[in-house]
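A.B. asks: Given next are the chains, with one letter for each unit.
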Amino acid sequence: MIENQIGQEMHKWAQDLFPICRSITGPGVRETLRYLKNILPKLEIIEVPSGSKVFDWEIPNEWSIEDAYVEDEDGNRVIDFADNNLHVVNYSEPVDTWLSLSELEEKLYTLPDQPNAIPYITSYYNRSWGFCMADDEKQKLKEGKYHAVIKSTLEPGFLTYGELVIPGNSKKEILLSTYICHPSMANNELSGPVVATALARWISMLDNREHTYRVVFVPETIGAIAFLSQNLEGLKENVVAGYVLSCVGDNRAYSFLPSRKGQSYPDRVARHVLKHFAPEYTEYTFLERGSDERQYCSPGVDLPVASIMRSKYGTYPEYHTSLDDLELVTPEGLQGAFNILQNCLKIMEVNGFYRTTKPCEPQLGKYGLYPSVGVKKRNQHIRNTINILAYADGELDLVGLAENIDLFASDCVPIIESLEKENLIELVE
Amino acid sequence: MIENQIGQEMHKWAQDLFPICRSITGPGVRETLRYLKNILPKLEIIEVPSGSKVFDWEIPNEWSIEDAYVEDEDGNRVIDFADNNLHVVNYSEPVDTWLSLSELEEKLYTLPDQPNAIPYITSYYNRSWGFCMADDEKQKLKEGKYHAVIKSTLEPGFLTYGELVIPGNSKKEILLSTYICHPSMANNELSGPVVATALARWISMLDNREHTYRVVFVPETIGAIAFLSQNLEGLKENVVAGYVLSCVGDNRAYSFLPSRKGQSYPDRVARHVLKHFAPEYTEYTFLERGSDERQYCSPGVDLPVASIMRSKYGTYPEYHTSLDDLELVTPEGLQGAFNILQNCLKIMEVNGFYRTTKPCEPQLGKYGLYPSVGVKKRNQHIRNTINILAYADGELDLVGLAENIDLFASDCVPIIESLEKENLIELVE
Amino acid sequence: MIENQIGQEMHKWAQDLFPICRSITGPGVRETLRYLKNILPKLEIIEVPSGSKVFDWEIPNEWSIEDAYVEDEDGNRVIDFADNNLHVVNYSEPVDTWLSLSELEEKLYTLPDQPNAIPYITSYYNRSWGFCMADDEKQKLKEGKYHAVIKSTLEPGFLTYGELVIPGNSKKEILLSTYICHPSMANNELSGPVVATALARWISMLDNREHTYRVVFVPETIGAIAFLSQNLEGLKENVVAGYVLSCVGDNRAYSFLPSRKGQSYPDRVARHVLKHFAPEYTEYTFLERGSDERQYCSPGVDLPVASIMRSKYGTYPEYHTSLDDLELVTPEGLQGAFNILQNCLKIMEVNGFYRTTKPCEPQLGKYGLYPSVGVKKRNQHIRNTINILAYADGELDLVGLAENIDLFASDCVPIIESLEKENLIELVE
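Protein chains in written order, with the working numbering: chain A, 1 to 429; chain B, 1 to 429; chain C, 1 to 429.
Next up, chain A with everything else stripped away, as it sits in the complex (with noise of 0.2 Å):
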C-alpha cells in the first residue's frame, strides 16, 4: 500500500478545489459541492433562498463575483482578483471609482507583521467594499489616482448546502460537518471538505453499517443554522455523536476541542482515540471554540458534538492568510486526521455495554485460549482476555471498558469477538 494514499487523493481533491472563490453564498459554493458530487454521487445539493428566516438570521442575498482590481493612472493593476481571490473583501459590494493613495488605503487591508501575506477579510452583513494584500507591496504604492473595480453583484438567490445521509441499520445518526465558505485558504477551508469526503466515502463502502451517518458541507455559521433551522427535530431525535471538521490538513499537531460539558459520548470516544494515537495531543477547552460547533453545542440545539483537529484555527501564523496554503497542508496531515476520525467511528460502530455471561472466570484453558503450564511471565494476551472479562459488567461500554484496562478499545474487540463466540460475554446494550 502506498503510503498517505488517501491523503494524496485528498490533497489533489484539495488542488482542484484550491482556486474557487467561495463564499457563504453564491457560485464558488455550488462549484465546490458539484465537484464533491463526482466523488459522492449521492450527495444531496440543497438551496435556501435569500431572505428565508433561519432562527434568529435571515439568508443574505447571494454574492457573485466576475472580477475585482485597482488600476493605477497607467493602467498597471496593483492588486488583481485574478491573481489570488484573497485580494477582495469577501462579499464586497460592486464599485467602480477612482481614489488618491490616501484614499484607498483606506479601503485597504494588510498585516504589517506578516508582510508578505494577503489577509483574508469579510464583510457578510454590512455592505462594504475593500482589498486585501500583502503589506510589502501596499509600500510599493506611489502618489497618484487609482482605479478600483470590482464587478460584483448581490441579489436575491439562494445560500447552498451539501447533505450525505448514509443510512445504516440503526436510526441512531452520527453527524460529521464541515464548512465550504472561504476562498482560497488549505488548512481552514478545504482540509475539512477533503476529509469530509474520504471518509464518506468510506462509511459508503462499508458492509454492514450500525448507524445512520449524515455528512454536511455547510457555509459556516449562516450555513449550519440554516441546516440546522431544517432538521433541528430530527437531530435532536437521533444524533448520538458528531464531529466538526475544521483545519484537519497540516501535521504540526493534534487538537482537541469537547462539546460544551466536555463529558459527552464524541468527547470520550475522541480523547480515547487520541491518547492512543496522538498521546501529545492539544486539549482545548470549548472556551476556545471557533467554528459550528457554536451552532450545534448552543443551549438550544445541545447535540452532542465535538472537534478533532490537526493546528487548531487562530493558534497558527499563517490562519486567515494566503500563506494558509497547499504546502502547509500536506497528504501526511490529511492522512492523519482521517485515521484518528478513522478510528473514532470504528469503535462507534462496534461499541457497547458487554457482560460476562457466568459468575467467576472461565476455564479459559478449555477454549484454547489459556495456556496450561503457569510460568512466571503471563502472556499479554492472556492477561487483555482475563481483564475483559473481570472488568465486563454491563456497566461500561466498550470505550469505559478499554481505559480501565489501559488498552485500546479496537484492540479489545478481537478478544471480545471470540469471548462472544463461546458465549462467554454477551452484549446487553
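Honestly, I wouldn't trust all of these hints.
What the hints assert, rightly or not - Taking lysine-lysine and the DSBU-like style, the derived pairs with C-alpha atoms no more than 35 Å apart in a straight line are:
1. Lys-366(B) to Lys-421(B)
2. Lys-275(B) to Lys-172(B)
3. Lys-275(C) to Lys-261(B)
4. Lys-12(C) to Lys-171(C)
5. Lys-151(B) to Lys-366(C)
6. Lys-261(B) to Lys-171(B)
7. Lys-261(B) to Lys-261(A)
8. Lys-236(B) to Lys-261(A)
9. Lys-275(B) to Lys-261(B)
10. Lys-151(A) to Lys-107(A)
11. Lys-421(C) to Lys-261(B)
12. Lys-358(A) to Lys-421(C)
13. Lys-236(B) to Lys-366(C)
14. Lys-37(B) to Lys-358(C)
15. Lys-275(B) to Lys-275(C)
16. Lys-261(A) to Lys-172(A)
17. Lys-346(C) to Lys-261(B)
18. Lys-421(A) to Lys-236(C)
19. Lys-53(B) to Lys-236(C)
Stated by the list, open to error - Quick partial rundown of chain C residues pointing at chain B, CB under 10 Å, derived from the structure:
20. Lys-37
21. Thr-357
22. Gln-363
23. Lys-366
24. Ile-382
25. Arg-383
26. Ile-386
Stated by the list, open to error - Some residues of chain C that are not near chain B, with every Cβ distance over 12 Å (derived):
27. Glu-44
28. Ile-45
29. Glu-155
30. Glu-163
31. Gln-230
32. Asn-251
33. Lys-358
34. Tyr-367
35. Asn-404
36. Ile-425
Just so you know, the hints here were simulated from the structure itself, not pulled from any lab data.
Even for Gly, the Cβ is constructed at its ideal location relative to N, Cα and C.
With chain A held as given, fit chains B and C onto it using these hints.
C.D. replies: Just chains B and C now, kept in the frame of chain A:
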C-alpha cells in the same frame, strides 16, 4: 469619594464602642445594642430571662460589674478595671478579700510569651473570679498583702441580643450574624458588629430587595443558641445563605471558612467573590471553625452559613489579648471586609438560572452588539456576550455560568441585562 | 506481654505446615486442614467430588504423590522430591523412564537469573510431568542416561476445602478467604492460612459479635470457584465485606489491592486502617490482582472483597520459588498483618451512622466533658468530642466521620460511647 469612607465611619463606631465592658449578658451588651440602634432604628432588642432552657443550655444569671481592683497595703491600685476591662476575668463573682502575694498569684492570668499583653479570660459557667494583667506588670509585684475587690453581681436577669429583619420581595432569607460579648477588643469583637451594621444600613437603603435579610447581634455561643432556639423552624424554612461576621477588621489577610460540607450556596458565592477581589485569600476547613458557625452548621440546625474573615481568630498574635485594639483594626481593613460581603450579597440579589431563548447563536449584529467586519482580534466584550449565550443552558446559576466562562458574576450582569432586553436570554428560575 | 506473641505462634504453625506437599487436591490439603482444625475445632471440611461442575469448571481428578526422583546411571539421586516438594512439577502424571541428558533437560525447569532457587511450576489441567531444580545444580549434570521416576496418581477423588462459620448477632457476614494449595512456600502460601486461623480464633472468643464471620481455606481459583458455586446466593445476600489473605507474612511492606470498583466498604475500612498504622503502604489497582479476589470480584459474583498484603505476590524476588521460606516470613511480619486485619474487623464491629440528638452544640461542661475556663490552648480530647458532635449528621458512617475529622475510627469509639451514655448522640442505622 473619600477613600475607605465607610471604613472610616465603621472605625469611628468601633472607637465609641471600644471602652464598654461587654460579656455574654449584662449592661455592656445592652449599651452596645442601644448604640447600634441609633444607626439601625428598626433593630429589635430581645431579652431572654435567666433560667430559660435553650436547647441543651440554660441562660445563666446576668453579670454586672461596677468596679474591680487589687490594692497593695499602701492603697495603690496595682490592677484597675477602670484602666482596662480585660483586667478582670469575665463573669467573675464578687469578692473582697486580702491575700498574700503567692495567694494572689493563683488568681492572676498573664502571658509570659507576650509580656506586655493582658490576656482575655472568661469563666461563664463555673463560679470563679480572677484578674488578668501583663506579665511585665506581674513581675513588679512585691511581697506583701493585697486587697482584691470585685464589685460584681451575678443575679437572675436576662441575656440580650439584637435582631433586625429587613423584608424583601421573597421570603427567602439571608442571615448575617455577629457577636457582641467581648470587652475591649477590636478585630475579635467590634469589627463584626460595625461591618454588620454598615451592611444592614446599605441593605435597608436598597430600592428593590429580592431577599429578606435577618441581621443578628448575639453573644457568641449562648446567644446564637438562644436565637436559634427561638427561630429554628422559620430559619430552616427560609434561610438560603448566611455569613458569620467575625474578625473582619485588620488588613493583613482575607480568610474563608466554609460550611460543614463545604459546597453550600454561600460557600460558592464567597469563593467566587474572594477569587476575584482577593485571590490570595486563605481557605480554612470547617475543622478550624470557632465562632457561631459552630451552631448554625451543627447537624440539627444545618443552615447554609459560611464565614468570611480578615485575619482569622486564633491565627494572629494579638488574638484574645489587649493588643487586639483599634490600631490593629483599620478603616482599610473594615472597608475590605465590607466590600467582599457587599459583593456577595449583590450577586445573590441578582442570581438566577438563565437560558437562551432561541437555538443557535443569535445574529448579534442585528442588535448593535456585534461588529460585522471580522478582524483577527475580537473584542472581549463580544466574546463575553457570546460566551454567556453559549453557556446559558438553564442549568447553571449566575455564579456557575460566570465560573464556566472565567468572568466575575457581577461583570456578567450588564451583559445579561442587555440580552434580556432583546429577549435573547430569560430567567428560568 | 511477649512481643509479637501471636506472630510467634503463627510462625510455629507455619513451620509445622511447611513440609506438607499441598496441591489443589489431594492428601496435602487434607493434612493441612486437619492441622488447622486442631486450633479451630468447628472448622468444617468439605469434599467436592472429581467431575463436579462448578460454574465453567470441572473438579479435576485428585492428585497424590508418594515419591519422585531422577537417578543417574550409578543410582545417585540428582533430584529428589524428598528433599523439597518443589522439585516435581505440581500435578505431574506418573512416569518411570530412562532419558538422555538432553531429553531430560526438556523436562527440567530452572531460573537462570536466580541460580540457587527451585522454581514452583504447576500443570493442573494439561496432563504432563516435569522436574524443577536450581539452575546451579542443573549445570552440574553430566552426559549420560537418567532414570526419571514420579510415583503419583491422578484418579477420581475430591477437592477439599475448609469452612468455618462463626455466628454473630446479625446475618450480615464478613468473609475471610485464604488458600491452601501451594507446597513448601511461606509468604505466598502459609502466611495466609495461619493469619486467617489466628483471626478466626480471636473472633470466636469475642463476647458479642455483631457480624457473622465466614472463614474459608480453599485451593486457589478452583477451590474458590467450588466454594462460590455452592454458596453464591447466600453470599450475595449477606456478605458486607471480605478480605483475601495472601502474602501476609514478610515484613518488608504493606500492600493494598482494592475491589474492582475500588470504593467498596472493605476498601474504605482497609485504607483507613492502613493510613493510620502503615501510612507508607502501597496501593495497587485491581488490574494487578492475582489471588481469589479474581473470583470474588468477578462481574457475576461481585462481592465486596479487597486484599490486604505485606509484600504482594509477583513483586518480591523470592515469589514462587524455594526462597519463599520461613526466614522470609517472620513473626513480626505475620503479627503486622494480623494487627491490620484485626483493626479492620474491630472497626466493622462497631461501625454505624451516628447522629446528634439535639440542635446546636451541647453544653459539654454540664456533663463533665468540657472545661468552663476558656484558655487559649484547647484540650485535644475536647476538640475531638466537639468535632464528632459537629459532623455526626447521620450521613457518615464511623469511618467517614473519622476521616472527616482527621482521627482514627477506633479512637472515636470511646468518645462516641461517652456521648451515647449522655444521650447526646445516637446510632441511626
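A.B. asks: If a hint holds in the structure, say so; if it doesn't, say that too.
C.D. replies: Okay, the hints, checked on the actual structure:
no., hint, in the structure
1, Lys-366(B) to Lys-421(B), "holds, 14 Å"
2, Lys-275(B) to Lys-172(B), "holds, 26 Å"
3, Lys-275(C) to Lys-261(B), "holds, 23 Å"
4, Lys-12(C) to Lys-171(C), "holds, 34 Å"
5, Lys-151(B) to Lys-366(C), "holds, 27 Å"
6, Lys-261(B) to Lys-171(B), "holds, 25 Å"
7, Lys-261(B) to Lys-261(A), "holds, 25 Å"
8, Lys-236(B) to Lys-261(A), "holds, 33 Å"
9, Lys-275(B) to Lys-261(B), "holds, 20 Å"
10, Lys-151(A) to Lys-107(A), "holds, 16 Å"
11, Lys-421(C) to Lys-261(B), "holds, 27 Å"
12, Lys-358(A) to Lys-421(C), "violated, 50 Å"
13, Lys-236(B) to Lys-366(C), "holds, 27 Å"
14, Lys-37(B) to Lys-358(C), "holds, 33 Å"
15, Lys-275(B) to Lys-275(C), "holds, 33 Å"
16, Lys-261(A) to Lys-172(A), "holds, 21 Å"
17, Lys-346(C) to Lys-261(B), "holds, 28 Å"
18, Lys-421(A) to Lys-236(C), "holds, 29 Å"
19, Lys-53(B) to Lys-236(C), "violated, 50 Å"
20, Lys-37, "violated, 49 Å"
21, Thr-357, "holds, 8 Å"
22, Gln-363, "holds, 5 Å"
23, Lys-366, "holds, 7 Å"
24, Ile-382, "violated, 13 Å"
25, Arg-383, "holds, 9 Å"
26, Ile-386, "holds, 8 Å"
27, Glu-44, "holds, 46 Å"
28, Ile-45, "holds, 50 Å"
29, Glu-155, "holds, 64 Å"
30, Glu-163, "holds, 43 Å"
31, Gln-230, "holds, 45 Å"
32, Asn-251, "holds, 35 Å"
33, Lys-358, "violated, 5 Å"
34, Tyr-367, "violated, 9 Å"
35, Asn-404, "violated, 8 Å"
36, Ile-425, "violated, 10 Å"
Hint compliance for this structure: hints 12, 19, 20, 24, 33, 34, 35 and 36 are not met, and every other hint is.
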